[in-house]
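K.L.:
For the sequence shown, the working numbering assigns the number -15 to the initial residue and increments by one for each residue that follows.
Everything labelled a hint here was simulated from the structure, so no lab data went into it. There are no misleading hints in this set.
Using 20 Å as the maximum straight-line C-alpha spacing, the simulated EDC-like pairs for lysine to aspartate or glutamate come out as follows:
| id | residue 1 | residue 2 |
| --- | --- | --- |
| 1 | 8 | 20 |
| 2 | 2 | 70 |
| 3 | 8 | 83 |
| 4 | 2 | 83 |
| 5 | 8 | 45 |
Pairwise CB distance ranges (calculated):
| id | residue 1 | residue 2 | range |
| --- | --- | --- | --- |
| 6 | 178 | 156 | 29 to 35 Å |
| 7 | 70 | 1 | 14 to 20 Å |
| 8 | 85 | -2 | 18 to 24 Å |
| 9 | 59 | 156 | 56 to 62 Å |
Idealized CB from N, CA, C, for every residue including glycine.
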Amino acid sequence: MAAPTYQLLMRSGPTPGKTFPIEKNETFIGRDLTNDIVISDAEISRRHARMVMQAGGLVLEDLGSTNGTVVNGQRLIGPYLLRVNDVITLGEHVTLVFEAINPDMAATVASTPARIPAPAAPAAPAVSAAEPAPPGPMYMPPSSVPSFSGKVPESPAVEAPPARRTSRTLIIVLVVALLILVCACGAFFWYIDANSLWCIFPFIPGCPG
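I would like the entire structure built from these sequences, with the hints used as guidance.
P.N.:
In structure tokens form, the structure reads like this:
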């Protein structure tokens, strides 16, 4: 059996469904056109991450990107040995799935498998004329289904507002009326005093009769 090769499948990002085969011992991922895997996204750094082929498998490493590299929900703080079906997130919008592809297995999958005939359904037992047929599922005609028949269900009774709210409103109105009355009296006496009109009142002493 041939050694497996690897690829990245873009689950979400600029080109969902696109695959990126890993064909080099060192593969760079980033926004710049000089990378091996170019992803045009504003949250991807010019040189975001790299993958290095080692004896144990493929190792992923973040290259000090601005938005970081996350694998299976955990942000990378060092080299990470990838496993098949690991989910790699770059920034917030780009998601890649790490996959292993075996050439022999791919050829086997690509060929059309032989169609397996479906097993024959067991024959239903014969029903004799003397035996009654088993009752079928009960059916309720639409006319027997209860309905409102034009009646609208009664709405829940609305409780009357508490009397305390009415009393509070009445108190506020009385206070406002009292303030207006005091202001009017003050303005009136100020006008009398400013124009020396106190003598219009016959009961004030010192005024000429």
